Amino acid sequence: MSKINRRDFVKALAAVGVVATLGKVSGKSIKDVTSEVSKKSAKGLYPEATQGARYAMMIDSGACIGCRTCLHACKLENNVPDEPSNMEWIDLFEMENTRPVSEVHGMPPTDSSVDYTESPKEGHWYLSFNCFHCDNPPCTKVCPTGATYQDEDGLVLVNYDLCIGCRYCMAACPYNARTFNWWDPVNPPSRVSPIDGEEVPLNPKVPLRTRGVVEKCTFCVHRIRDGNPTPRCVEVCPVNARHFGDLNNPESEVSRLLKTVRTHRIKEELNTQPMLYYFTRGVKWKDDGEKI
Amino acid sequence: MTERQEKIMRPLRTTSREFWPFVLALALITVAFIYAYTIQLSQGLGVTGLNDITIWGVYIVNFIFFIGLSHAGIAISAAVRIMSLHRYAPIARMAEILTLASLMMAGLSIVIDLGRPDRAYLMVVNYAARIGASPLLWDITAVGTYLILSTTYLYLPMREDLAVCRDSFTGWRRRMYEITLPGYEKGEEKVIKRLAWWMAVTILPVMVMVHTTVSWIFSLLSNRPLWFGAAAGPYFIAAAVASGIASVVVIAAIVRKLFNWEDLLPPEIFRGLGNFLAVITLIYLYLMLVEQFTARYAGPAGEFFVSEAWLFGSYATVFWTLTTIGLILPCVYLLVQAFRPGKINITWTSVFSTVIVIAMWFKRYIIIVPTLTVGGSPLQTYTPSWIELTIIGGSLAALALIYTILLKLIPIIEMEEPHHG
Chain A
11 MSKINRRDFV KALAAVGVVA TLGKVSGKSI KDVTSEVSKK SAKGLYPEAT QGARYAMMID
71 SGACIGCRTC LHACKLENNV PDEPSNMEWI DLFEMENTRP VSEVHGMPPT DSSVDYTESP
131 KEGHWYLSFN CFHCDNPPCT KVCPTGATYQ DEDGLVLVNY DLCIGCRYCM AACPYNARTF
191 NWWDPVNPPS RVSPIDGEEV PLNPKVPLRT RGVVEKCTFC VHRIRDGNPT PRCVEVCPVN
251 ARHFGDLNNP ESEVSRLLKT VRTHRIKEEL NTQPMLYYFT RGVKWKDDGE KI
Chain B
370 MTERQEKIMR PLRTTSREFW PFVLALALIT VAFIYAYTIQ LSQGLGVTGL NDITIWGVYI
430 VNFIFFIGLS HAGIAISAAV RIMSLHRYAP IARMAEILTL ASLMMAGLSI VIDLGRPDRA
490 YLMVVNYAAR IGASPLLWDI TAVGTYLILS TTYLYLPMRE DLAVCRDSFT GWRRRMYEIT
550 LPGYEKGEEK VIKRLAWWMA VTILPVMVMV HTTVSWIFSL LSNRPLWFGA AAGPYFIAAA
610 VASGIASVVV IAAIVRKLFN WEDLLPPEIF RGLGNFLAVI TLIYLYLMLV EQFTARYAGP
670 AGEFFVSEAW LFGSYATVFW TLTTIGLILP CVYLLVQAFR PGKINITWTS VFSTVIVIAM
730 WFKRYIIIVP TLTVGGSPLQ TYTPSWIELT IIGGSLAALA LIYTILLKLI PIIEMEEPHH
790 G
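Chains as they are written, first to last, in this note's numbering: chain A, 11 to 302; chain B, 370 to 790.
There may be inaccurate statements among the hints.
Derived lysine-lysine pairs resembling DSSO-like cross-links, with alpha carbons at most 30 Å apart [to be verified]:
| # | chain 1 | residue 1 | chain 2 | residue 2 |
| --- | --- | --- | --- | --- |
| 1 | B | Lys712 | B | Lys626 |
| 2 | A | Lys21 | B | Lys559 |
| 3 | B | Lys376 | B | Lys712 |
| 4 | B | Lys376 | B | Lys559 |
| 5 | A | Lys21 | B | Lys562 |
| 6 | B | Lys562 | B | Lys376 |
Okay, the calculated bits of chain A under chain B, using three or more residues with CB under 8 Å as the criterion [unchecked claim]:
| # | region |
| --- | --- |
| 7 | 173–187 |
| 8 | 191–202 |
| 9 | 219–225 |
With the Cβ distance kept under 10 Å, some of the chain B side facing chain A (calculated, not the full set) [to be verified]:
| # | residue |
| --- | --- |
| 10 | Leu483 |
| 11 | Ala502 |
| 12 | Glu557 |
| 13 | Ser591 |
| 14 | Val624 |
| 15 | Leu627 |
| 16 | Pro710 |
| 17 | Ile713 |
| 18 | Leu748 |
| 19 | Thr752 |
Derived from the structure by calculation, the hints contain no laboratory data.
Computed from a prediction, not measured in an experiment: that's the story for all the values here.
Glycine included, C-beta positions come from ideal geometry on N, C-alpha and C.
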């Protein structure tokens, strides 16, 4: 190859590179390119996305009595293992009445208890968290394989077959919503429910996870996209503190609640647009255990 | 063969009695590392001290540390070539080999940290779809480019010297060098020199981007106080330059002593490197000050409480030890030495360089861990398990082992007489 030819070749190569890069960057925003592969490859793992829906959950933190029914029901519904390490998709915090929300998810470091044994307790209130299914999720952006992605109905899901276990999504999540399979999860064919003592078999609709992958709340994707309108935690709540629905449907429970109650979302300054709204109808547990 | 060539070839020809026990010791630690990793592979990352709050630990610390070390080679040798700093030519190759070895260990550190290393190939399969979004992929791209460029950059100018090796050995060693020299022609050095100059020009910006993308893995996460910020790139580059240059000082001092290369590696080299190290450490200390001041003046919750943990909390002992003994003391020594005319003390320069390298490992620990643990809910602490510690120690030993073996195979100093100018 003569000298001139080589130079032309390099120039051409550079030109192609520049054009390709500009095309990629200008055509799509960083948010757009995140989901496409993952949606395709996750087919079969979850039912098809509900077209036109935007799912959201609302939690009445004033009503919550901290009974953990949602937490245990969630674990049984979604085959979340107890052994060898206890994994949870819902976190429940017992807060002193004088303490604000920011003490759980934020600074300063908190000693808010997750290990309480009795509830509701005098002078305390309860705050529960699961995945916020953010509209602008920071976790899906950083994933190097597209294992975690946002679907058309807003659900942020994990394709367990693509996850390489780098835990970058956990680093990016402001809410510690994700949990990692540090060991081989043990999935017995059935477990005794701590709520009512009944034997509950493994749920065949929810894929089992392996060691080394990240998992989290799915808003019970296998139910809500398959005819059942509510996630398990919403269904079982004895005080009706959890509400769920489609924000795009003006008749849904969340749409109506959003119009009538005052809500807040956690760490809104990060622009994650969480789909988990908190509200309270002005009720806190008083010292005598009565609602004010 | 000239007297200079003879001298440089000596470590390749003769091996002292102490060499084998040393290599054996390194190999044993490396075997322990493989053993520990086997346990982790068969049982899962649960064998580490990590948890759902402290999701990253010493493996990621090691990754940043090795990327930092890798800085040295190319920075020095590209600068030597572009700016014609011929005085430093004798350390160029030993620095380049450090780059190569530590880049490999950095890649390994990332794989060790994966929950499913068997699926690492998925990053390649889904590369086109994810490269637009994931900083981890940007970093793998940058490191990969850097690895390929620096291997080529090390190899091309070395062919001349490998040819000398080939001609001076017989038997299997001759054949070994033969394999490394496909298409070698006498007199190709002229073309290669020109090529290497252009490669040096290319590599320098790539080097800057490698350290910047490493910082981006962390600094683009808006939810992580003291990771998030625009200055992370320069901050990481300063740390990389400091630890990289410091480790080259140590290596140069060791081979100088070991192979009696007092004339090949004159004290002026150490003076120059020491001065540079003093300045870069000073810049790093300045960046630390700026960072802490910003975190503490108004004291927004995230930054303030992580800073509290660094300065007065459970990480204070590590933080203040590494800052005072690890950075300020060496910096003061090197600065005093820089301003005093006359001889320099190579022993102390290399001792303080070692201290800086160690301090930089712990500084990376302070960067990674407190941001994750402080403010996590529920609160969880992190103590590295013995598996993690064995893997960390073992990966350092593996680096030393790779380096020692290359020392016996490659002329570690360029045989060409440096031009004095």
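Right, here's what the structure says about each hint:
no., hint, result
1, B:Lys712 with B:Lys626, "holds (17 Å)"
2, A:Lys21 with B:Lys559, "holds (24 Å)"
3, B:Lys376 with B:Lys712, "holds (25 Å)"
4, B:Lys376 with B:Lys559, "holds (24 Å)"
5, A:Lys21 with B:Lys562, "holds (22 Å)"
6, B:Lys562 with B:Lys376, "holds (24 Å)"
7, 173–187, "holds (count 12)"
8, 191–202, "holds (count 4)"
9, 219–225, "holds (count 5)"
10, Leu483, "holds (5 Å)"
11, Ala502, "holds (5 Å)"
12, Glu557, "violated (16 Å)"
13, Ser591, "holds (5 Å)"
14, Val624, "violated (37 Å)"
15, Leu627, "violated (40 Å)"
16, Pro710, "violated (48 Å)"
17, Ile713, "violated (44 Å)"
18, Leu748, "holds (6 Å)"
19, Thr752, "violated (15 Å)"
Hints 12, 14, 15, 16, 17, 19 from the list above are not met by this structure, while the remaining hints are.
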